[in-house]
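10 protein chains.
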Amino acid sequence: MLFHVEMTVSIPRDLDPEIAEELKRTEKARAQDLQRQGKWRHLWRVVGHYANVSIFDVESHDELHAILTALPLFPYMEIRVTPLCRHPSSIHASDQ
Amino acid sequence: MLFHVEMTVSIPRDLDPEIAEELKRTEKARAQDLQRQGKWRHLWRVVGHYANVSIFDVESHDELHAILTALPLFPYMEIRVTPLCRHPSSIHASDQ
Amino acid sequence: MLFHVEMTVSIPRDLDPEIAEELKRTEKARAQDLQRQGKWRHLWRVVGHYANVSIFDVESHDELHAILTALPLFPYMEIRVTPLCRHPSSIHASDQ
Amino acid sequence: MLFHVEMTVSIPRDLDPEIAEELKRTEKARAQDLQRQGKWRHLWRVVGHYANVSIFDVESHDELHAILTALPLFPYMEIRVTPLCRHPSSIHASDQ
Amino acid sequence: MLFHVEMTVSIPRDLDPEIAEELKRTEKARAQDLQRQGKWRHLWRVVGHYANVSIFDVESHDELHAILTALPLFPYMEIRVTPLCRHPSSIHASDQ
Amino acid sequence: MLFHVEMTVSIPRDLDPEIAEELKRTEKARAQDLQRQGKWRHLWRVVGHYANVSIFDVESHDELHAILTALPLFPYMEIRVTPLCRHPSSIHASDQ
Amino acid sequence: MLFHVEMTVSIPRDLDPEIAEELKRTEKARAQDLQRQGKWRHLWRVVGHYANVSIFDVESHDELHAILTALPLFPYMEIRVTPLCRHPSSIHASDQ
Amino acid sequence: MLFHVEMTVSIPRDLDPEIAEELKRTEKARAQDLQRQGKWRHLWRVVGHYANVSIFDVESHDELHAILTALPLFPYMEIRVTPLCRHPSSIHASDQ
Amino acid sequence: MLFHVEMTVSIPRDLDPEIAEELKRTEKARAQDLQRQGKWRHLWRVVGHYANVSIFDVESHDELHAILTALPLFPYMEIRVTPLCRHPSSIHASDQ
Amino acid sequence: MLFHVEMTVSIPRDLDPEIAEELKRTEKARAQDLQRQGKWRHLWRVVGHYANVSIFDVESHDELHAILTALPLFPYMEIRVTPLCRHPSSIHASDQ
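Chains as they are written, first to last, in the numbering used here: chain A, 1 to 96; chain B, 101 to 196; chain C, 201 to 296; chain D, 301 to 396; chain E, 401 to 496; chain F, 501 to 596; chain G, 601 to 696; chain H, 701 to 796; chain I, 801 to 896; chain J, 901 to 996.
Simulated from the structure, these hints should not be mistaken for lab results.
A quick note: this is a predicted structure, and the numbers were derived from the prediction, not measured.
Backbone N, C-alpha and C define an ideal beta-carbon position, used for all residues, glycine too.
A portion of the hints provided could be inaccurate.
[To be verified] Example chain H residues on the side facing chain J (calculated, C-beta under 8 Å, incomplete):
| no. | residue |
| --- | --- |
| 1 | V705 |
| 2 | P712 |
| 3 | H761 |
| 4 | L764 |
| 5 | H765 |
| 6 | L768 |
| 7 | I779 |
| 8 | V781 |
[As the list claims (entries may be wrong)] Here are the in silico distance ranges between beta carbons for each label pair:
| no. | chain 1 | residue 1 | chain 2 | residue 2 | range |
| --- | --- | --- | --- | --- | --- |
| 9 | I | L815 | F | P572 | 57 to 65 Å |
| 10 | F | K539 | H | R780 | 27 to 35 Å |
| 11 | A | L15 | H | G738 | 46 to 54 Å |
| 12 | I | R880 | A | K24 | 36 to 44 Å |
| 13 | F | D514 | H | R725 | 24 to 32 Å |
Put together the whole structure using the sequences plus the hints.
What follows is the structure, given as C-alpha cells:
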C-alpha cells in the first residue's frame, strides 16, 4: 500500500558535527537499502529546503511506522504521512 | 524539471450534472494524454478526498502554468505547486 | 489495517429537506451495515458538533477510499484520515 | 463519560537517557494499569509519529484531569481533549 | 460537570427576517429556561461580536450534546466546547 | 468591567524546582487574594492542560494590565484577553 | 477606556447598489458623529483593503458593543477588538 | 507617511538582568525621543501583553526600517508592519 | 517608495462571461498603462494560480491605495501589501 | 526560469559575534556575486524585518537548490520558494 511522506529535517546546531555526519551517512545508506527493497519507491528533494517528498510502498501500517521511526534522522524530522490509492485516471501500472 | 502538484477538486453543487460529467471525462482524457507524453509523470488519489498528488516533468514554468490552467476542472481546483530536484540519496534514475 | 477518520457534516441550507432526510436514513443504514461487517469498528459523536470520530479496519487504501466516497453524505463532509498502528503499550487485542 | 485524547510526545534531547527510559517504563506501566481499570479504553499509535490517539472513559472531568496530569510523560506532551458522546448510528454497545 | 462553550452566530442574509426574529425569540426563551434550570450557568456577550461565552453544568456529554443541538440557532452557530474542572486555587464554591 | 482571560502556563524545564514551587505558592496566594477582592470573579482549570479560563471584573484596562503582569507566573504564561459585556438573554445579575 | 478595533468590510455582490450606497452614506455620517463625540478617536484606512484601523474611547464594554453593532455596515464586517492601556513610554497625553 | 506597527517583546530568560534593564531604559529613551520628533505618533500598551500598538509617521520606507531595526529591543521583538492612509470618513486632520 | 503586492483573483462563477471578459480587458489595459508610467514596476504570474506577484513604486500610501482599489478586478481580488526598502547587498540601482 | 524567494534570517543569540559578522560578510559577497552573474535578479529588504524578497533566474531546480543551500546564512534562514512565469499583461521584457 502506498503512502506519501514528507520529511523536514532540523539538525540541532549543537549536535556534534561528527555525529551529525555519521547520522547522515547511515540515513543515506538506510534510504538506499529501502529503495533497493522497493519499500521506498520515490525520493525527491524539495527545492531550497532540507526536506524530501517520498512515496513508500509497504505491507502494513506497522511496517511503515517501524521504517520511519528507525531512520537515523527520525529524532530531528517533522513528518507528514498521507495514505494514497490508485487514481482512476492513472495509466501507469507503477502508480499503485 | 520536476514539480510536486496537489489538486483538490470542489465541484459546485449547482453545476449541471451533465456538464460536470463532461468536464470529468475531458479531464480524464487530458490527464491520460499528458501522462502518455511524459509530462504528468505520476498521479495518485488521496484516500478519502476528491484530490490527487501528482508529479509533473515539464520544460519550463510557462509550460506547467499552461498545462494546469488548461485542465477542464481547473476552475474548481485548489492547487499547490512545489518545485522538486534530485535527492542525493535517490537510486532511481527516474526520480529526476 | 486501522484508520482514524473524522467526518464533519455541513448539509447545505437549501437542500430539499426530504432529500436531506433520505440521505441521513441511507447514511445511517450504510454506517450500520459497515459496522456489522467489521469495517467501521467504532463510531462516536463529537459533543456539540454534527461530526463523528471513527475507527475503520479495512483491507486496503482502495477499500477505505471506496467506502468513504460512497457514503451518502460524502459530498457534504469534510474528512480527515489518519493511519493508525498497534501501540506497544496497548493491552487490548482489539486495538489492532 | 468518553473523551477522545491525542497525545504527542517530545522528549527533550538533553534529558538524561536513563531518566527518559525510566519515564517510558513507568508511563507504559501506568497506561496498562489504566487500561486494566477500564479508564483508558483504547490506545493506538499514529503512524510515523511519537503520538497516540486514545479513548478514555472516566467518572468526571476532575478524574480525567488527574489521570492525564499524573502521566510520567505529561510534562513532555502536547494534549488535545475532545468530549465524545453516543452516536445515534452506532450499533456497538461499547461505543458509549 | 462544567463546560466552557463559545458560540458564534452567523444568520444567513437571505433568511426570512420574520423567521430570524422567531428563532431569536425562541433561542432567548430556551436560554433563559436552561439558566433557570441551572444547566446554563453563565452567559456573556463577546464585545463587538454576535457571539457568547458560556458555562454549562450538565449531567453527561449526551445531555450537553442534546442541549446544544436543540438550540434554535444551532444550524447557524460555530461552536467550541472545552471541558473544565475545579481549579485548585479557586475559592468560589460555585466554580465547580 | 468584565474580561475573559485564558492563561496557559509553561514553566521552563531548567527553572530551579524550589523557585518554581515558590512561584506557584505566591501565584496561588495572589489569585485567592484577587478572588476575595472580587477582581478575579471566576477561575476554572482546563481539563488536561496547565491552563485556566478566568473572568475578571476590574475598574479599568490599566488595572487589568497591572494585575496580569504582576502575577508571579506571568513571565511563563501565554495570555488571551477578550472583553465581555452583558448578554441580553442572561438572567443572572452576576453575569455583568 | 481605549480599544483598538480593526474592521474589514465585505459587501455582498448581490446587495442592491442603492442600498449599499445608502449604507455607506449612513456609515460615514455615523462614523463622523462618533468622532465628533470623541468616542471614535482615530480612523485610518488600511492600504489596499476595504478595512480600517480605529481607536475607540468609551465608557464601558456595553457602550463599545452598542456602538459597533449599531454601525450600518456591521452585518458585513469582520471585527477584531483589542483592549489598550497607557504605555509607560508614551509622552502623549492623548494616548490614554 | 503612516504605518501601523505592532511590537511584541520576548526577552530571553537567560539575558543578564542588568543588560535587560539597560536595554529597556535605552528603548524608553529612544521611544520618547522619536515621539518628540513626531516620528512615533502614537504608542499604546496591549492589555495583558508585553506588546504595543504604534503609529509611525516617516519620510520613507528606508527611514522606518532604520528606526525599527535600531531599537534596542529589536532583536527580541516580533514586528508586524501595516501601511495606512487617509480614511475618507476621518474628520481628524491628524489622522494622516 | 516600493511595495510588494500579491493579488489572487477569484471571479465568481455566476458573473456574466461578457462582463468578466470586459473586466479582464480593462484590467490588462490599466496594468499596462501603470507599467508605462513606472508605477507598476514588475508583474509576474504565479505558476498554477490566477495570481500575480508585483512590485509597485509610488509617491505615497494614498496613491497605492487609489491604484489598487481602482483596478477593475479589485472586487474579486485578495491582496497582500508588504512595504519594501533598499537591501544593503543589492547591486542593482533599480532595486530601490 | 524565475523564482520568487523569501528569506527570513534568525541568527541564534549565542552565535559568536565574530562568526556572525563573518557569515554576513560572506553572505553579502556571495549575494553580490550571484547578482553580477544574473542569477539573483532582484533583492529587496522587507521593512522592519531581517528578511528579503528576491527574484532568482536559474537554469534548473538543481541550480536553485545548490545556490540557496550554499548561502552562508542558509542554516539560519526560513525560506519560501514560489515558481513564477511570464504574466500576459507584463510589458517589461525583463519580467521573464
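Is the gap between the beta carbons of R880 (chain I) and K24 (chain A) within 36 to 44 Å? 37 Å, holds
Could you check if L768 (chain H) really has its C-beta closer than 8 Å to a C-beta on chain J? 4 Å, holds
The hint names I779 (chain H) as touching chain J; please verify it with the least Cβ-Cβ distance against 8 Å. 5 Å, holds
Hold the hint about L764 (chain H) up to the distance rule: shortest CB distance to chain J must be less than 8 Å. With a minimum Cβ separation of about 6 Å from chain J (threshold 8 Å), the hint on L764 (chain H) holds.
Quick check on H765 (chain H) please, does its C-beta sit within 8 Å of some C-beta on chain J? Holds: closest Cβ of chain J sits about 5 Å from H765 (chain H), inside 8 Å.
Quick check on P712 (chain H) please, does its C-beta sit within 8 Å of some C-beta on chain J? 6 Å, holds
Is it true that the C-beta distance of K539 (chain F) to R780 (chain H) lies inside 27 to 35 Å, as the hint says? 31 Å, holds
Could you check the hint for me, namely that L15 (chain A) and G738 (chain H) are 46 to 54 Å apart, CB to CB? 50 Å, holds
Hey, does the H761 (chain H) contact hint survive, CB to chain J under 8 Å? 5 Å, holds
Satisfaction of the hinted span 24 to 32 Å by the C-beta atoms belonging to D514 (chain F) and R725 (chain H): 28 Å, holds
Determine whether the Cβ-Cβ distance between L815 (chain I) and P572 (chain F) falls within the hinted range of 57 to 65 Å. With Cβ atoms ~59 Å apart, the hint holds.
With chain J as the partner, please determine if V781 (chain H) meets the hint condition of a C-beta pair closer than 8 Å. 4 Å, holds
Consistency with the previously given hints is maintained throughout, with no hint failing.
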